[in-house]
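Asks: Counting with the working numbering, you get residues 9 to 437 for the letters of the sequence shown.
Worth flagging that the hints you see were computed from the coordinates, not collected in a lab.
Just so we're clear, the structure is a prediction, and the values are computed from it rather than from any experiment.
Below, a list of computed lysine-lysine pairs in the DSS-like style, where the Cα atoms sit at most 25 Å apart:
(1) Lys-435 / Lys-108
(2) Lys-108 / Lys-405
(3) Lys-73 / Lys-41
(4) Lys-315 / Lys-343
(5) Lys-332 / Lys-343
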Amino acid sequence: MVATSLALAPESKGRPWVLVIPFCFPGETVRVKVHRHERMHSLCDLLEVVEPNLEVRDENLVKCKYFRTCGGCQSQMVPYTTQLKFKRDVVINAYKKYSKLPDSEVPEILSTIGSPLQYGYRTKITPHFQLKSDGTPGDPFCIGFNDVSRPRECPIATPVLNETLPISRKKIHDTLSTFKKGSTLLLRESLNTDVPLPLSLSLTPDELADAMNTKICITNNNSSVRERVDNTFFEFNGGSFFQNNNSILPTFTQYIREAIFPPGIVSKPTHLIDTYCGAGLFAITLAPYFDVVSGIELSADSIMYAKRNARLNNIPSTKCSFRKGDAANIFDVVKEFPPEHTAVVIDPPRKGTDMNFINQLVGFLPQTVVYVSCNVHTQARDIGLLLRAVEFDSRGKKYVLESLRGFDLFPQTSHVESVAVLRLYNKEG
Numbered sequence: 009m010v011a012t013s014l015a016l017a018p019e020s021k022g023r024p025w026v027l028v029i030p031f032c033f034p035g036e037t038v039r040v041k042v043h044r045h046e047r048m049h050s051l052c053d054l055l056e057v058v059e060p061n062l063e064v065r066d067e068n069l070v071k072c073k074y075f076r077t078c079g080g081c082q083s084q085m086v087p088y089t090t091q092l093k094f095k096r097d098v099v100i101n102a103y104k105k106y107s108k109l110p111d112s113e114v115p116e117i118l119s120t121i122g123s124p125l126q127y128g129y130r131t132k133i134t135p136h137f138q139l140k141s142d143g144t145p146g147d148p149f150c151i152g153f154n155d156v157s158r159p160r161e162c163p164i165a166t167p168v169l170n171e172t173l174p175i176s177r178k179k180i181h182d183t184l185s186t187f188k189k190g191s192t193l194l195l196r197e198s199l200n201t202d203v204p205l206p207l208s209l210s211l212t213p214d215e216l217a218d219a220m221n222t223k224i225c226i227t228n229n230n231s232s233v234r235e236r237v238d239n240t241f242f243e244f245n246g247g248s249f250f251q252n253n254n255s256i257l258p259t260f261t262q263y264i265r266e267a268i269f270p271p272g273i274v275s276k277p278t279h280l281i282d283t284y285c286g287a288g289l290f291a292i293t294l295a296p297y298f299d300v301v302s303g304i305e306l307s308a309d310s311i312m313y314a315k316r317n318a319r320l321n322n323i324p325s326t327k328c329s330f331r332k333g334d335a336a337n338i339f340d341v342v343k344e345f346p347p348e349h350t351a352v353v354i355d356p357p358r359k360g361t362d363m364n365f366i367n368q369l370v371g372f373l374p375q376t377v378v379y380v381s382c383n384v385h386t387q388a389r390d391i392g393l394l395l396r397a398v399e400f401d402s403r404g405k406k407y408v409l410e411s412l413r414g415f416d417l418f419p420q421t422s423h424v425e426s427v428a429v430l431r432l433y434n435k436e437g
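Working from the sequences, and respecting the hints, build out all of it.
Replies: This is the structure in structure tokens:
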């Protein structure tokens with residue numbers, strides 16, 4: 009059993025072969041239909057659960073009438089505490105399989121931190137559809153609302169997105185003739201961007217409440233979106249990346265701050281480097297706790313928004329700056345930072361980092377590394393590569409993987425966000 013609610017059923021006769029079956033669990037008897045053969049496995053559709061595993065499955069928990077058809081969720085029939093246990097197992101198995109580290113170097117995986125909201129949390133959805141030959145929306149499969157003619161609501165999306173979804177759906181049907189193949193839509197929650205930032209002291213209570221709480225839905229990829237994490241504001245391009253579960257972000261960023269500054273730490277970091285910084289989520293929320301902060305990003309558009317976000321939150325550029333770094337020399341722009349007093353946050357895309365980045369990180373050798381990942385498998389691979397690379401370094405240092413923990417940014421789905429914390433020590437210590 010893995011967090012995607014996929015059961016792996018090995019065939020016992022003949023050559024090794026596995027049936028991959030969605031929405032079911034070990035111990036269940038099911039009827040399936042094989043729809044595609046791949047190397048050493050076949051992909052199946054679940055037709056019927058003949059004998060359910062009642063310790064895991066509770067169909068009364070399912071809240072979406074499109075569940076198992078849309079495909080955006082995989083775990084609505086699983087009690088939430090069990091979902092969190094499954095996601096911890098994903099982290100455990102990822103480090104066993106992909107890190108290639110001895111058990112002695114991998115700490116006990118901490119329990120997964122749950123989301124304050126298990127439904128109505130998702131601030132961005134991207135329904136998409138394809139047209140059939142007659143020009144009507146097709147239904148070859150419904151992963152992620154592929155057929156927009158059917159889904160009228162999404163229980164994991166925020167209320168304002170659900171209010172807008174039928175409007176977007178009707179607009180598609182009214183303009184079908186303008187599409188050749190299909191399209192992907194954007195629905196993204198935003199605070200009211202009409203209120204200028206930083207917030208003026210002259211705002212009335214109603215105006216202040218409007219700026220802090222009123223939600224609108226953005227449907228244009230090029231529009232600016234405004235988000236608030238605690239009392240920190242962020243703006244970013246509607247089509248760009250930003251974490252999609254606002255309810256857990258205060259806990260998430262607080263955890264990373266406390267990981268960098270644990271109780272009893274002797275030499276506190278004074279400098280922070282936020283790599284893959286995007287619009288500046290970690291750099292800006294952590295800025296009050298450091299003397300100097302630098303965000304590094306390959307995207308010029310993201311750098312522009314990150315600089316704007318620092319200004320929106322009254323953080324001077326002398327304290328928090330953002331720089332465009334080339335992948336070949338990403339740490340060259342922070343040569344003046346003292347490595348022994350520097351923490352580095354890594355939050356790469358799903359594919360993870362590469363040896364080029366890891367070698368540069370080893371060359372810089374910061375005191376603390378926090379690796380945040382939406383793909384624990386590539387994170388485990390990269391952490392293993394980093395620890396082994398430092399072993400061959402001649403400066404007598406080593407990284408210790410101090411903690412590993414999952415965060416449930418996407419309840420009811422297979423996804424788990426993983427946070428790994430590494431600290432630099434002397435080898436003889």
